[in-house]
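Colleague: Residue numbers (the numbering used here), protein chains in the order written: chain P, 1 to 383; chain A, 1 to 383; chain W, 1 to 383; chain H, 1 to 383.
Treat the hints as calculated values from the structure; they're not laboratory data.
All C-beta atoms, glycine included, are put in the ideal place defined by N, C-alpha and C.
The reader is advised that the hints may include incorrect statements.
Stated by the list, open to error - Selected chain H positions facing chain P (in silico; Cβ < 7 Å): (1) Ala12; (2) Phe158; (3) Ile196; (4) Asp197; (5) Ser201; (6) Arg266; (7) Ala356; (8) Ile359; (9) Pro363.
Number of protein chains: 4
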Amino acid sequence: MKAAEIAARVEAFVRDVVVPYEKDPRCGAHGPTDELVAELRDKARAAGVLTPHILADGSHLSQRETATVLKASGLSPLGPVAVNTMAPDEGNMYLLGKVGSLEMKERFLKPMVEGRARSAFFMTEPAGEGGAGSDPSMMQTTAVQDGNHWVVNGRKTFITGAKGAKVGIVMAKSTAGACMFVVDLPDPAIRIDRVIDTIDSSMPGGHSMVTIDNLRVPADQMLGANGEGFNYAQVRLSPARLSHCMRWFGATKRANEIATAYAVKRHAFGKPLIDHEGVGFMLADNLIDLKQAELMIDWCADVLDTDVLGTAESSMAKVAVSEALYRVADRCVQVMGGTGVSTDTIVEQVFREVRAFRIYDGPTEVHKWSLAKKIKRDAAKSP
Amino acid sequence: MKAAEIAARVEAFVRDVVVPYEKDPRCGAHGPTDELVAELRDKARAAGVLTPHILADGSHLSQRETATVLKASGLSPLGPVAVNTMAPDEGNMYLLGKVGSLEMKERFLKPMVEGRARSAFFMTEPAGEGGAGSDPSMMQTTAVQDGNHWVVNGRKTFITGAKGAKVGIVMAKSTAGACMFVVDLPDPAIRIDRVIDTIDSSMPGGHSMVTIDNLRVPADQMLGANGEGFNYAQVRLSPARLSHCMRWFGATKRANEIATAYAVKRHAFGKPLIDHEGVGFMLADNLIDLKQAELMIDWCADVLDTDVLGTAESSMAKVAVSEALYRVADRCVQVMGGTGVSTDTIVEQVFREVRAFRIYDGPTEVHKWSLAKKIKRDAAKSP
Amino acid sequence: MKAAEIAARVEAFVRDVVVPYEKDPRCGAHGPTDELVAELRDKARAAGVLTPHILADGSHLSQRETATVLKASGLSPLGPVAVNTMAPDEGNMYLLGKVGSLEMKERFLKPMVEGRARSAFFMTEPAGEGGAGSDPSMMQTTAVQDGNHWVVNGRKTFITGAKGAKVGIVMAKSTAGACMFVVDLPDPAIRIDRVIDTIDSSMPGGHSMVTIDNLRVPADQMLGANGEGFNYAQVRLSPARLSHCMRWFGATKRANEIATAYAVKRHAFGKPLIDHEGVGFMLADNLIDLKQAELMIDWCADVLDTDVLGTAESSMAKVAVSEALYRVADRCVQVMGGTGVSTDTIVEQVFREVRAFRIYDGPTEVHKWSLAKKIKRDAAKSP
Amino acid sequence: MKAAEIAARVEAFVRDVVVPYEKDPRCGAHGPTDELVAELRDKARAAGVLTPHILADGSHLSQRETATVLKASGLSPLGPVAVNTMAPDEGNMYLLGKVGSLEMKERFLKPMVEGRARSAFFMTEPAGEGGAGSDPSMMQTTAVQDGNHWVVNGRKTFITGAKGAKVGIVMAKSTAGACMFVVDLPDPAIRIDRVIDTIDSSMPGGHSMVTIDNLRVPADQMLGANGEGFNYAQVRLSPARLSHCMRWFGATKRANEIATAYAVKRHAFGKPLIDHEGVGFMLADNLIDLKQAELMIDWCADVLDTDVLGTAESSMAKVAVSEALYRVADRCVQVMGGTGVSTDTIVEQVFREVRAFRIYDGPTEVHKWSLAKKIKRDAAKSP
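Bound-form chain P, shown alone (with noise of 0.2 Å):
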């Protein structure tokens, strides 16, 4: 089967190449250098496994292949930048191959797919100054027509990957409803205020608040139809968001192997740690959380490829998946010791990034409100 040949040359690659370069102090708070990136790209690219999920054609894999090949990508976290399967990238190629014109696919596009240009995807806005966090709805960022061009006006913030980016995909509100804009980055009318310090740290760029000054777009370059900026949202969001869930599970994956073989490795009152039921039984757990994750994500991914939104769907994959992964990084960690809350091996930056992973992309809590609200809906239909 083609996916999963593709899978295993990413595992291997990933593996081999890309876990040696894990200690590399290229590797910063914000994630890897431009030039690390560079780097690593140069080997997947020669590799042949640069955007795995993308075939030579242009033709993406389901999301059940793409399941398949993200995991084994997020065997590192350096993983999915040196094969460019990353956040925000993957999911804006994935939009701007649905929504986009020939023009930006061949502009835009191209450079992202051959792994030469990072980009972002300007959505969400400080809530502090009552712009839209995890709610869409109150975005304040406005888009007016001036003649053959748009200007956009507003402030974002948690933009992943700013920095450095080539390529942006900025949300705003025109008269007509919400609306999406394809730009050249960098800009100076997009100015990066600062980049936020995070407990995560695998994400190029990092994520940045970002002042939106009279950014002039020509017209063409809207994305799309005027007031179609939600329903495009939507058509990133789930596969956008499973796929957060397919990279960590790869991550998460791998913390499980380094503890594991300490655990097997090291004693302590006498025996293996792992003969300890306290110990051993925390990797059982580690065992059905895993298990679990992977279902749930086949499960999303087998809907997603039905072509449905399917937004309840993964709104469940995202909490379920989130909340595993966090409990197995967390007992990695735990089975360590000190060893686990000390950088000298992954575990501890897997159990950091997925803390994040836990609020990114929608806390647990919003989902679990908007699930509420489709279980009552769902309620009021049955007799």
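Here the structure of chain P is known, so what remains is to put chains A, W and H in place on it, guided by the hints.
Modeller: Just chains A, W and H now, kept in the frame of chain P:
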């Protein structure tokens, strides 16, 4: 698809015909009376849903198909009894179908499949007397050959359905190892010392403490080969364990339907319960837990359908499913407040049943213990 | 110290005299029969431990002292009934002692303190009929003045101990607000529609659904002032809520003693259960949870002894203690395996009782809801 | 009351003077620089709050009083460093005060109390090399007498504050058992191989991996008697363990203040966050968890003040408090969403610190293991 149709008919039968019997006074602390069982089975037979997982030609649905049917049968605590998919009969029929001689199938299996005979599986022994609780290696019941007969002596406990059973499978230790016998019941040499009162109450005959006192069994009633008893126990083990997951999945799903309907209808503090996040989030958690339980059941069924023993997989499924269903049942009780702890709905019973399920067929801790051993073995194999 | 001596005598009485009655067939689904209650109380009276928290001069122990005594009385599910510290009598005696007129004390309180009369508190109403479940503002029972009498009409539910009670305190709404009446029972105008079957089974008389149909009460049987009903409910509320914590603490402590003894004695997989970390850790968690529960009870008792209402503190204690005791009881069941879900020990009953406790006197979620409101109010006050 | 006054002054100092330093760039991954430490301590000295738990006459507050003061000092992650109540100095001062000779007190303790010297406690060893991780019986560092000196050799790890310390207490094994030495630092024979990067970042000097290579110590620098090392470790153990609980209680309390203020101010989906039960319930849980943590600290302090070792009690407190504070910190992060995982407030740091706390001073599992042993011993004693 065949199984889906069978399941749909079973579901309709359980919802329409069985559910109204849930308040029948013949449902007691040790399950429905045999009179009630017979009445329900007459109706199931008439509706063509008796023993629905075994086809007219004697063939057995695959595990994956069985899951569909058994989940449907479990929608009422009386459902499995009514359609003859309950424990321990379901597992005993499976074992006799796999290992029994033609004569045994005709004499013992046939009346069971026809829903005219209940059965019991005499394996577990009183831990307090040094016998095999969750640890089969401690088995103390003996089988000694005496000419063309075997003489069996020992003590058994938690023998589900022993009271009222017409067929018994008795496990004992011979010099060759463990062996099993199929016997007619009742037999004066198999004395029911008492039926143990327990927190659950769905299984006809309850769970008995039994003394086997010089039981003489003709040699041709030994099931399969002498010394193979543990292997046959393994054959029965995983499918039987998984069938518990299937049935109780159905029961818990129904409890969740009841709790959801309650939360939509009842008001407190100015709005429907479900509009309180404290309640809505619990129902969202239920949705997720039920989905995960279902996925684990299907995954494990697929593994068993490849004809492996699936010991580790069924341990994983048993732990994950029993604990998930318990959380769901507990939340259902909590959502319904005073009504939840009353017997006005089956939610209270389902909660009690699923509490016991965390112990029956191996407590969660025993499964984690054996999974930890497996993790250690697997780690030793990897480079 | 006085209270410590009383508690020691109560503990000795419960362990030596009451515990053997736990298997008495007169203990049913709705608690012990009134015959058994009388028999136990005769023994308590003879041992000088009847109503031990109210001294011979009519004075009441402080809440902190009461904790010591009530925890001891709770060591058996029959203990509080035996020594007359049970709900709702304990709270009703407290309320009558605080608010009752001299005549009321002589006529109603005296026989209760002497253990000759049980009582009931008619407050909660059927949520399904729009009445007050956990939300007292929804009260629908009315009291209308008619000359020198009041006429009361309404429906009440979950009225603990109503069946068999000789004294009733009835809460209703008048034009002045809420009010309370003290009445003799039984009264044909207070009709017990049914005793609700519930998961718990320790309270004599069970919990009843009641119709009050033109109950005529002489005006001098109004408890305290008209319109003050909610205030009196508040006076009773926190101490009564805390006394639940005290009694069930005792029951759970005993369950833990039983589970610990079991874990020390029984063997599995080659060693005593307690030497398995999977079991030992559960008992360690119990040790910690019980200590925390005890500290919360003592802290809240100290607060109440300063004569404040302590609504938030008793909410905190109720949530923390009921949830902690539940975890403990659940672990006791799990440690004991099959024996844990059987009625062979009281562990199974304690588990069921404490499950109900998470709902009785306000479900956990209602308390958290009111605590969240308080946190918001307090935050508004801080600079 | 004395201690309450001291605590109030410490709290005011921390809130007014220390908190503004939290954004100081001299706070790094291995705690504040020694320059910053000196600056903070100058201010503490001027404010009369330096080493506030040791009075001018050299006497030490009781543990219960110490709790009041140390909780106040912990309100900022920089607070304990600023007022000299931090680990490991606090425990080292305690031990020297209890066991040190007059000369040692003058030479080593005095500068520590005056806040002019930091110290380190060289006990834990690299588990990976077979040394003592959480299991002190595995200690491999040796002390061999050589005339009037001792020669010490070994490897130590996770030695907090070693870098920059002026005083060291070194634990080793002699033929008489374990013993301790007090030495000046730095010493070329105590080589800091590396400072381990860890998830926490509040402790000056970080945690070091150390090689002790032919360290020669004059015999009169042996602390107390030869062979008594484990006993002295016990003397230091429980108070030091509890002081961690105190300080981190303060930090977590402050995190909860920040999260509460956030939840009151920020809006989502049409109302303040705190009015969403999903958020309000988390804050209610925090209120309860913080109260329980405080009660456990006070209870354990009371036990220690009776002059017992309190090993079991401090294990119970350590497990209960570290796990409770972790739940609180995790909820604070979650309540604050994106802001919670950013370093914009100290919530993110507190979360990381408290994560490590579940491992430092004995992982939760090691404490449960030793509590299980104690439960077994106690059970053997009871009839």
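Colleague: All hints, please: hold or fail.
Modeller: Here's how the hints hold up against the structure:
no., hint, verdict
1, Ala12, "violated, 28 Å"
2, Phe158, "holds, 5 Å"
3, Ile196, "holds, 5 Å"
4, Asp197, "holds, 4 Å"
5, Ser201, "violated, 11 Å"
6, Arg266, "holds, 5 Å"
7, Ala356, "holds, 5 Å"
8, Ile359, "holds, 5 Å"
9, Pro363, "holds, 6 Å"
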